[in-house]
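K.L.:
3 is the number of the first residue of the sequence shown in the numbering used here; add one for each residue after it.
Treat the hints with care, since some could be wrong.
Derived DSSO-like pairs: lysine-lysine, alpha-carbon spacing no greater than 27 Å straight-line [to be verified]:
1) Lys70 x Lys96
2) Lys52 x Lys70
3) Lys52 x Lys96
4) Lys31 x Lys70
5) Lys52 x Lys31
Simulated restraints on C-beta separations [stated by the list, open to error]:
6) Asn140 x His41: 40 to 46 Å
7) Glu51 x Arg128: 22 to 28 Å
8) Pro224 x Gln125: 20 to 26 Å
9) Gln125 x Arg71: 48 to 54 Å
Treat the hints as calculated values from the structure; they're not laboratory data.
Backbone N, C-alpha and C define an ideal beta-carbon position, used for all residues, glycine too.
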Amino acid sequence: MNNDLSICQAALNRDPVLYLDLTETIRRKEGHLIAALPHGALAAFHSYEKDGQDLGFTMFADDLPTAKRLLAMLPPHPNFLTVHEDFYLDELEKRFGFNHLNPCWQVGYLRTTPPSAPSTGAQVHRLNLSHLPTVEANYDAGGSGDGYLSQLLSWGELYGAFDGDTLMGFIGRHAEGSIGLLEVLPQYRRRGLAKLLQSHMIAMELSQGRIPYGQVFDGNAPSLALQQSLGMSCSMGRLYWAVGNG
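Start from the sequences, fold in the hints, and give me the full structure.
P.N.:
So, in structure tokens, the structure goes:
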């Protein structure tokens, strides 16, 4: 499988943070390229493969003909797609009936040393399926149904801040590789736990040779400020989560 993005590297270099979900997927070998063109590319996430079929993707396109060419390579009912331009969102809705088109800023940690973790007295541990009720009750974001959270827990991709046995907040790694799912339970906020959890994930990703990245919903100024306070760089442009019905 061709994993060479060099043909479109000049386009990707215009806003490197914006395209981290594409470039890191290929660099980490957590996905594969379906097509790379001078003005666009389409990749599939291995984690969304089901019964031998790719169902989760990321793409960018500089113009509508390129976008249409790449979209024609998708299956009839993709589950998940991140796109990096807004001029073909109508085409996405028309072709695939996506029920969420969420604009986000992409953030990426481009430094080589992790940020300092705040001293909160809390300990960070990996979560398991016994924590599912708390996670489900407190994670407020679209596209998390159909067993998604239990799947992440079974993969060991969620971590929590604990005071003894008390879970006070959590964070994790989404199926496609981005850091997210950050929630601090209301009664434990303003203790530095969000910064603790985020710094833990950044350090863990760096230790595994990954560039830590994630998305912040457009308009969520407190979350963006948190990311930037830890040294995350923000993209110049926005990307969009498109979540289908599978």
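K.L.:
Holds or violated: Lys52 with Lys31, Cα cutoff 27 Å?
P.N.:
Judged against 27 Å, a Cα distance of about 18 Å means the pair holds.
K.L.:
Is it true that Glu51 and Arg128 lie within 22 to 28 Å of each other by Cβ?
P.N.:
holds (24 Å)
K.L.:
Is the Cα-Cα distance between Lys70 and Lys96 27 Å or less?
P.N.:
holds (12 Å)
K.L.:
Given the proposed pairing of Lys31 with Lys70, does the C-alpha separation stay at or below 27 Å?
P.N.:
holds (26 Å)
K.L.:
Would the pair Lys52 and Lys70 pass a check requiring their Cα atoms to be no farther apart than 27 Å?
P.N.:
holds (24 Å)
K.L.:
In this structure, is the beta-carbon distance linking Asn140 and His41 contained in 40 to 46 Å?
P.N.:
holds (42 Å)
K.L.:
Per the hint of 20 to 26 Å, is the separation of the Cβ atoms of Pro224 and Gln125 within bounds?
P.N.:
For Gln125 against Pro224, whose Cβ atoms are near 24 Å apart, the range 20 to 26 Å holds.
K.L.:
Would you mind confirming whether the straight-line C-alpha gap from Lys52 to Lys96 stays at or under 27 Å?
P.N.:
Holds, at roughly 24 Å.
K.L.:
Do the beta carbons of Gln125 and Arg71 sit within 48 to 54 Å of each other?
P.N.:
With Cβ atoms ~50 Å apart, the hint holds.
Hint compliance for this structure: every hint is met.
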